[in-house]
Amino acid sequence: RKEVEQDPGPFNVPEGATVAFNCTYSNSASQSFFWYRQDCRKEPKLLMSVYSSGNEDGRFTAQLNRASQYISLLIRDSKLSDSATYLCVVTRTGAGSYQLTFGKGTKLSVIP
Amino acid sequence: GAVVSQHPSRVICKSGTSVKIECRSLDFQATTMFWYRQFPKKSLMLMATSNEGSKATYEQGVEKDKFLINHASLTLSTLTVTSAHPEDSSFYICSGTPGLTDTQYFGPGTRLTVL
Numbered sequence: 001r002k003e004v005e006q007d008p009g010p011f012n013v014p015e016g017a018t019v020a021f022n023c024t025y026s027n028s029a030s031q032s033f034f035w036y037r038q039d040c041r042k043e044p045k046l047l048m049s050v051y052s053s054g055n056e057d058g059r060f061t062a063q064l065n066r067a068s069q070y071i072s073l074l075i076r077d078s079k080l081s082d083s084a085t086y087l088c089v090v091t092r093t094g095a096g097s098y099q100l101t102f103g104k105g106t107k108l109s110v111i112p
Numbered sequence: 001g002a003v004v005s006q007h008p009s010r011v012i013c014k015s016g017t018s019v020k021i022e023c024r025s026l027d028f029q030a031t032t033m034f035w036y037r038q039f040p041k042k043s044l045m046l047m048a049t050s051n052e053g054s055k056a057t058y059e060q061g062v063e064k065d066k067f068l069i070n071h072a073s074l075t076l077s078t079l080t081v082t083s084a085h086p087e088d089s090s091f092y093i094c095s096g097t098p099g100l101t102d103t104q105y106f107g108p109g110t111r112l113t114v115l
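Protein sequences appear in the order of chains A and B. For the record, in the first sequence the residue sitting at position 112 is 112 according to this note's numbering, with numbers rising by one throughout. For the record, in the second sequence the residue sitting at position 40 is 40 according to this note's numbering, with numbers rising by one throughout.
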């Protein structure tokens, strides 16, 4: 099983739609969780951190379920500018090392 | 947010040559820098972690003699791809963090093409 797995995608949705991405992680020792956004041929940019209590930033809501080892990202009222690849990222620390593992990403295309 | 720059943004070189990529944190001191590689339609894969003033820690399968990393100051890390081959063609991205577990700030990436 891969350490971080995401919905395969691609997701093609009309403007204004609500879309949800899921991500599962295999290592129960994982400590921090993030969603990054990556535009084509660009570097990843932090979208938001994910907490067990859930967090919301405008149209974006992220949830973490530690028991199920599951992370989600909900985008409401999709905009054309939301088109990108969304990467689920999981981190853990151990033996003096810090590891940040990316999922393969889910591509979102918002259609006019 | 914190800014990380990379130079060059794109490089094309002949097989067998060496290429140096610079990664700079512009407005913070990056005690730790990370180097990633991303092949087309694939996720980012961590190559190595470097702490200022010490040797880099390489991930399994990454040849330390081929990918030389130097983190000589708190604002600069370099990755040198030695004797590059076409299979080294990829998108190389660095990131920096002020502390070991802080958010990572990514550079814009360097696209390497080896002919």
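It should be emphasised that the hints constitute simulated quantities derived from the structure, not laboratory data. Note that the Cβ used here is the ideal one computed from N, Cα and C, for glycine as well. Worth double-checking, as some hints may not be accurate.
The calculated EDC-like cross-link candidates involving lysine to aspartate or glutamate, where the alpha carbons are at most 20 angstroms apart (straight line), are [what the hints assert, rightly or not]:
no.: 1; chain 1: B; residue 1: Lys-20; chain 2: B; residue 2: Glu-63
no.: 2; chain 1: A; residue 1: Lys-42; chain 2: B; residue 2: Asp-65
no.: 3; chain 1: A; residue 1: Lys-104; chain 2: A; residue 2: Glu-15
no.: 4; chain 1: B; residue 1: Lys-64; chain 2: B; residue 2: Glu-87
no.: 5; chain 1: A; residue 1: Lys-2; chain 2: B; residue 2: Glu-22
no.: 6; chain 1: A; residue 1: Lys-104; chain 2: B; residue 2: Glu-63
no.: 7; chain 1: A; residue 1: Lys-42; chain 2: B; residue 2: Glu-59
no.: 8; chain 1: B; residue 1: Lys-64; chain 2: A; residue 2: Asp-39
no.: 9; chain 1: B; residue 1: Lys-66; chain 2: A; residue 2: Asp-39
no.: 10; chain 1: B; residue 1: Lys-14; chain 2: A; residue 2: Asp-82
no.: 11; chain 1: B; residue 1: Lys-42; chain 2: A; residue 2: Glu-5
no.: 12; chain 1: B; residue 1: Lys-14; chain 2: B; residue 2: Glu-87
no.: 13; chain 1: B; residue 1: Lys-42; chain 2: B; residue 2: Asp-27
no.: 14; chain 1: B; residue 1: Lys-41; chain 2: A; residue 2: Glu-5
no.: 15; chain 1: B; residue 1: Lys-41; chain 2: A; residue 2: Glu-56
no.: 16; chain 1: A; residue 1: Lys-45; chain 2: B; residue 2: Asp-27
no.: 17; chain 1: A; residue 1: Lys-2; chain 2: A; residue 2: Glu-15
no.: 18; chain 1: B; residue 1: Lys-66; chain 2: B; residue 2: Asp-27
no.: 19; chain 1: B; residue 1: Lys-42; chain 2: A; residue 2: Asp-57
no.: 20; chain 1: B; residue 1: Lys-41; chain 2: A; residue 2: Asp-57
no.: 21; chain 1: B; residue 1: Lys-14; chain 2: A; residue 2: Asp-39
To spell it out: a stretch of chain B is covered by chain A in this simulated footprint if at least three of its residues, at any positions, have a beta carbon under 8 angstroms from a beta carbon of chain A; those stretches are [stated by the list, open to error]:
no.: 22; region: 36 to 44
no.: 23; region: 62 to 68
Evaluation of the provided hints:
1. Lys-20/B - Glu-63/B: The given pair, whose Cα atoms are some 16 angstroms apart, holds under the 20 angstroms limit.
2. Lys-42/A - Asp-65/B: Cα-Cα ~28 angstroms, so violated.
3. Lys-104/A - Glu-15/A: Distance of about 24 angstroms is beyond 20 angstroms: violated.
4. Lys-64/B - Glu-87/B: The hint holds at about 16 angstroms.
5. Lys-2/A - Glu-22/B: Distance of about 31 angstroms is beyond 20 angstroms: violated.
6. Lys-104/A - Glu-63/B: Given that 20 angstroms is the threshold and the Cα spacing comes to 23 angstroms, the pair is violated.
7. Lys-42/A - Glu-59/B: Since the Cα atoms of Lys-42/A and Glu-59/B sit roughly 23 angstroms apart, the hinted pair is violated (cutoff 20 angstroms).
8. Lys-64/B - Asp-39/A: violated (30 angstroms)
9. Lys-66/B - Asp-39/A: violated (29 angstroms)
10. Lys-14/B - Asp-82/A: At roughly 38 angstroms apart (the allowed maximum being 20 angstroms), Asp-82/A and Lys-14/B break the hint.
11. Lys-42/B - Glu-5/A: Holds, at about 13 angstroms.
12. Lys-14/B - Glu-87/B: With a Cα-Cα distance of about 12 angstroms, the restraint between Lys-14/B and Glu-87/B holds, given a limit of 20 angstroms.
13. Lys-42/B - Asp-27/B: Distance ~30 angstroms between Lys-42/B and Asp-27/B Cα, so the pair is violated.
14. Lys-41/B - Glu-5/A: holds (15 angstroms)
15. Lys-41/B - Glu-56/A: At roughly 29 angstroms apart (the allowed maximum being 20 angstroms), Glu-56/A and Lys-41/B break the hint.
16. Lys-45/A - Asp-27/B: Roughly 17 angstroms between the alpha carbons, so the hint for Lys-45/A and Asp-27/B holds.
17. Lys-2/A - Glu-15/A: Outside the cut-off at roughly 32 angstroms; violated.
18. Lys-66/B - Asp-27/B: violated (30 angstroms)
19. Lys-42/B - Asp-57/A: violated (28 angstroms)
20. Lys-41/B - Asp-57/A: Since the Cα atoms of Lys-41/B and Asp-57/A sit roughly 28 angstroms apart, the hinted pair is violated (cutoff 20 angstroms).
21. Lys-14/B - Asp-39/A: The given pair, whose Cα atoms are some 28 angstroms apart, is violated under the 20 angstroms limit.
22. 36 to 44: As far as the region 36 to 44 of chain B goes, the hint holds, because 3 residues have Cβ atoms under 8 angstroms from chain A.
23. 62 to 68: It is violated: at least three residues are needed, and the region 62 to 68 of chain B offers just 0 whose Cβ sits closer than 8 angstroms to chain A.
Going through the hint list in order, the structure does not satisfy hints 2, 3, 5, 6, 7, 8, 9, 10, 13, 15, 17, 18, 19, 20, 21 and 23.
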